[in-house]
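Please construct the entire structure, taking both the sequences and the accompanying hints into account.
Here the sequence shown is numbered in the numbering used here, starting from 1 and rising by one per residue.
Each computed SDA-like pair below joins lysine to any residue, with the alpha-carbon atoms no more than 20 Å apart: (1) K132 to M65; (2) K40 to V69; (3) K62 to T35; (4) K90 to V117; (5) K57 to M47; (6) K68 to V196.
The calculated label-pair distances, taken between Cβ atoms and stated as ranges, are: (7) K96 to S141: 43 to 51 Å; (8) S141 to A45: 15 to 23 Å; (9) N99 to G64: 47 to 55 Å; (10) D37 to N167: 37 to 45 Å; (11) T145 to T41: 20 to 28 Å; (12) H164 to K96: 18 to 26 Å; (13) T145 to V179: 20 to 28 Å; (14) P100 to V162: 13 to 21 Å.
It is worth saying that the hints were derived from the structure and are not from the lab. We put the CB at the ideal spot given by N, CA and C, even for glycine.
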Amino acid sequence: MKDYLTHIVVALAVIQLCNHIRSCIAHGESPDPGTTDYIKTSCNATMYPRLCCNVLKIHAGKIGMSAKVLSQTALDIALEFTKQTHITAKGYSETKALNPVVTSAMRDCVEELNVAVQMLQKSKVELGMVIKGSTSGLHVSNVQTWVSAALTNLNTCKDGFVDHNLNGTVEKITTRKTVKAAHLTSNALALINLCVSAKVTLP
1 MKDYLTHIVV ALAVIQLCNH IRSCIAHGES PDPGTTDYIK TSCNATMYPR
51 LCCNVLKIHA GKIGMSAKVL SQTALDIALE FTKQTHITAK GYSETKALNP
101 VVTSAMRDCV EELNVAVQML QKSKVELGMV IKGSTSGLHV SNVQTWVSAA
151 LTNLNTCKDG FVDHNLNGTV EKITTRKTVK AAHLTSNALA LINLCVSAKV
201 TLP
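Shown next, in the form of structure tokens:
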């Protein structure tokens, strides 16, 4: 049973590595120093500036000096990583190698992650309307509300393992990925709030 579980963990890790490599290849352009400085300065307003800078600087060519594109890119990254985390957790929840307590916690986590993905997807659509020129305060408010809700769902998933003192291999992997998803989402929300508070106009 342990060997079976180990194979699953390794397989999922390989999938994530391949996705990361493809992402690096797709965004291999050299960033402009000015844009990189702009991203770094903006990321200083987030809770996790190092993570913020690391994931955004490879998109510097697309971001330029636009606060709204910066926010949109940060949200896209948070959404994609949360999707990956949901896939990983769902795979674990469907295995028969876990004990009932872990399986129950994992399934609860999967539900929370699924809702988080939905919230971030809705936020992406709404933010896209703002990027395209909508000045409606309702769109901005919806984005902030839904991203905040997604962050709550991610933290609820993580807390489910902590509260039950579950620290096996799959729980640790899922918790680590969920925490990163939460950090990415928190950063995206901070950049969105920064953009709104500065009353940035569309480029």
